[in-house]
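J.: Residues per chain, in single letters:
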Amino acid sequence: MVRKIFLSLFFLSLISFAQNKDGCYNCHKDVVGDKPTALYSEDVHFKLGISCADCHGGDRTSDDMDVAMSKERGFIGVPKGDKIIDVCLRCHSNEETMKKFNSKVDVSQFKLFKASVHGKSEIATCVTCHGIHEIKRASDPRSPVYPTREIRLCSKCHSDANYMKRFNPGLPTDQFEKYKTSVHGQRILRGDIKVATCSDCHSAHDIFPANDPRSTVFASNLPTTCARCHSDASYMRGYKIPTDQYEKYVKSVHGRALLEKGDLSAPACNDCHGNHGAIPPGVKSISHVCGTCHALNAEMFSRSPHAPVFEAKKIPQCEVCHGYHLIEKPTDEMLGTNTKATCIKCHKEGDKGFEVARQMREMIDTLVVKINKAKEILYEAETKGMDVSDARYQMNDVPQILIKARTVIHTANLDEFKETINPGYEIISEVTRAGLEAIDEYYFRRWGLGASTLIITILVIALYLKIKQIERRK
Amino acid sequence: MAKLGEKLFNWFDERYNIRGFIEFMSHKSVPQHRHSIWYYFGGVSLFLFIIQVLTGILLLLYYRVGEDSSYESVQFIVSKVKFGWLIRSIHSWSANLMILAVFIHMFSVYFTKAYRKPRELTWVTGFLLLVLALTFGFSGYLLPWNELAFFATKVGTDIIGSIPWIGKDLLKIIRGGEDVTGATLARFFGLHVAILPGIFTVILFFHLLFIQIQGMSEPPEWEKLPPERRKYIPFFPNFLLRDLLLWLIILNILAVLAVFFPWELGKKADPFAPAPAGIKPEWYFLFMYQTLKLLPPKVLFLEGEFFGVLMFTVAGILWLLVPFWDVKTKNGYRNRLINLIGLFVLIYMLTMTILGYVLS
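Read top to bottom, the protein sequences are chains G and S. Sequential numbering from 1 applies to the first sequence in the UniProt record's numbering. Sequential numbering from 1 applies to the second sequence in the UniProt record's numbering.
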């Protein structure tokens with residue numbers, strides 16, 4: 001501790017000595033009185049004793065203006081374009097230099113930035129975001145990249161449709177407007193800097209387009225990005241929301257599809273909650289959110305007798321049976337009247353819904369049993385060497401019918417359900433018949449062979465005896 | 001009833017001299033000795049050929065040649081047509097058994113020297129019938145247009161392309177183009193059901209005619225035997241009934257093979273698909289195919305494959321002409337060289353065929 005205080009005092013005395021000796025600053029402040037010099041007194045670099053000459057070149061020790069600002073002494077004037085980056089990089093990419101200032105700023109920023117969408121397109125340089133002569137630490141509320149100011153900094157370009165057209169006409173420009181409607185946006189407007197701002201999700205220097213797998217908001221990276229805050233119980237303390245969403249999501253059918261199988265069509269956090277306008281879906285909007293992908297199920301549910309009842313009682317629609325973050329692959333167990341079925345959460349024995357659920361489940365189970373039986377029969381026929389390719393081909397339609405029937409249960413309409421599932425029963429009975437006929441044919445062939453072999457053998461014996469008889473007679 | 005039969009017999013006899021034919025048949029005899037068993041393989045080959053013709057005609061009722069219909073029609077035959085599976089299976093099995101019977105018949109004639117004067121032309125026609133039977137097999141193999149047949153035909157016909165100067169043109173003529181296509185299929189079908197049966201029937205007619213005129217060959221050692229020690233059995237009914245007995249046994253074997261080992265159809269040919277591993281021709285071509293495979297790329301100044309084809313052609317011609325250059329046997333002397341050559345050919349064919357199966 002004593003060592004730290006001593007070091008700090010040493011630096012402060014060094015800085016004040018250096019500034020007293022800075023001809024550029026003194027002259028521009030006292031004689032010229034320009035704005036950059038006035039702003040620079042509050043700059044983080046000024047406070048660390050970095051002179052104007054360190055960026056602009058020249059000789060800060062000379063009192064003669066012509067000498068101090070001569071090309072011979074390295075004066076470059078106002079750096080432009082890539083020169084700006086070169087000036088910043090001289091220190092910010094040099095670990096040794098940064099160490100001298102006891103800085104913890106990452107020296108790889110430029111490398112990251114150059115690979116990013118902004119760096120590649122040469123849209124922005126360091127000063128575009130950090131300012132020029134009034135650069136503050138990111139943790140300083142006056143810094144343009146401080147959380148409460150950062151959103152406005154980014155939106156300066158990203159909300160300007162005319163400006164954005166020059167680089168990416170397809171990119172929306174309403175992010176800031178949406179962000180203001182989100183929980184994150186509303187909180188930050190009230191000064192809560194713990195909530196996510198642009199750089200929290202998109203990162204600061206290494207920003208990539210959302211469809212770039214290196215991006216922190218790329219579909220399969222997004223759950224981890226959100227989880228950085230939302231799964232941190234200590235960070236989230238005070239918000240009174242659970243922190244097990246990620247844990248549940250990775251085990252869900254959606255999480256597995258996206259993170260294990262790499263199926264980018266599976267939803268990540270933003271697909272249900274929105275991205276810039278992130279907000280938990282309300283009870284009424286759940287079916288609409290799920291319905292963006294599960295359109296047929298949502299449409300069927302909307303015309304089911306459940307829809308008006310759920311709406312009146314403010315019951316979250318899909319969520320009641322399927323859950324939310326931990327959505328598992330639906331099984332037939334969920335339907336019907338047994339203990340695992342979700343239907344019995346509301347329906348009791350004797351009511352119409354209970355009976356419909358029972359019958360639907362029974363019909364699906366029966367079809368599944370019949371399918372398995374038919375498969376066994378076809379397999380047996382095939383192992384007996386019989387051709388049942390036609391029946392196998394017919395069978396291809398049955399899984400599709402079963403999927404349709406499992407979808408139609410969302411209507412809770414028994415007639416519509418029967419109309420969907422019955423063709424499956426017809427196909428299966430035809431396939432079973434074809435399979436059994438093939439097996440019968442197999443046995444017919446065996447018996448036919450047996451009979452013909454017997455007849456031929458009798459003929460052979462008779463002929464043999466006849467030959468013997470003829471030869472004996474001679 | 002008996003009187004009606006007699007009347008009918010007399011009606012025919014009056015017009016076609018049936019009694020004379022029976023008289024001829026009853027005097028026709030077959031030598032009886034320790035090698036008599038080999039006489040029956042000619043009859044077995046003929047029986048299997050008759051089965052080929054009958055089942056082939058039945059298959060023709062449903063078979064539709066074409067890239068889009070050959071495979072489908074065979075599939076229809078084996079799955080939908082009543083007893084279609086049996087007919088196709090018997091056709092395929094009897095084709096293989098017929099070639100086997102013809103080979104046995106040929107080697108038995110060779111080793112018993114039955115080709116010697118005056119039966120040179122019977123040998124020549126018999127050899128031609130073997131070549132035609134092999135061509136029947138090769139052309140018929142492609143007709144179901146399945147994967148194995150397609151690639152085996154491709155590999156088989158490729159060999160023709162190795163012949164210098166004329167190989168490429170010959171290949172085009174045989175395939176009906178650069179590659180094995182629907183045009184090849186149409187050509188092979190025409191060959192299999194029209195051209196070959198026509199030629200085969202004519203040559204078979206002469207082959208049988210020569211046998212009828214000259215009778216069965218007697219073993220060379222009989223020439224030194226006194227006539228009373230030579231044994232004969234009447235052709236009718238003794239030999240014919242024995243023939244019939246063997247035919248019935250063959251029919252039984254065929255039925256068992258057709259039911260227990262039905263000829264598989266496999267996958268439909270796809271010219272754009274890669275050739276499946278281990279493609280090889282039918283067993284009766286395997287000795288030639290294996291030889292060509294084992295030959296180095298260059299033999300002397302010739303392409304290895306062409307050298308092989310040339311050697312087989314020369315060997316085939318020498319084999320065809322054996323009654324003419326085997327002077328010793330013709331003049332009544334024992335010719336051990338003939339036996340050694342025959343044994344070498346037989347062992348060579350068997351070894352190469354086994355290698356063909358084992359090495360793949």
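It should be emphasised that the hints constitute simulated quantities derived from the structure, not laboratory data. One or more of the hints may lead you astray.
Simulated coverage check for chain G against chain S, where a stretch passes if three residues somewhere in it have a Cβ under 8 Å from a Cβ of chain S [claimed, not checked]:
1) 384-397
2) 438-450
3) 459-473
If you only want the chain S side, here are some residues facing chain G, beta carbon under 10 Å, derived [as the list claims (entries may be wrong)]:
4) L4
5) L8
6) R15
7) N17
8) L241
9) L245
10) N252
Where a beta carbon is used, it is the ideal one built from N, C-alpha and C, also for glycine.
J.: Take the hints in turn and mark each one as holding or not.
T.: Hints, one by one, checked against the model:
1. 384-397: It holds, with 4 qualifying residues against the three required.
2. 438-450: Held - the stretch 438-450 of chain G has 4 residues with a Cβ nearer than 8 Å to chain S, which meets the minimum of three.
3. 459-473: Coverage by chain S holds for the stretch 459-473 of chain G (8 residues, Cβ < 8 Å).
4. L4: 25 Å, violated
5. L8: 24 Å, violated
6. R15: 30 Å, violated
7. N17: 25 Å, violated
8. L241: 5 Å, holds
9. L245: Hint holds; L245/S Cβ to chain G Cβ min 5 Å, cut 10 Å.
10. N252: 5 Å, holds
The structure does not agree with the numbered hints 4, 5, 6 and 7 stated previously, though it agrees with the rest.
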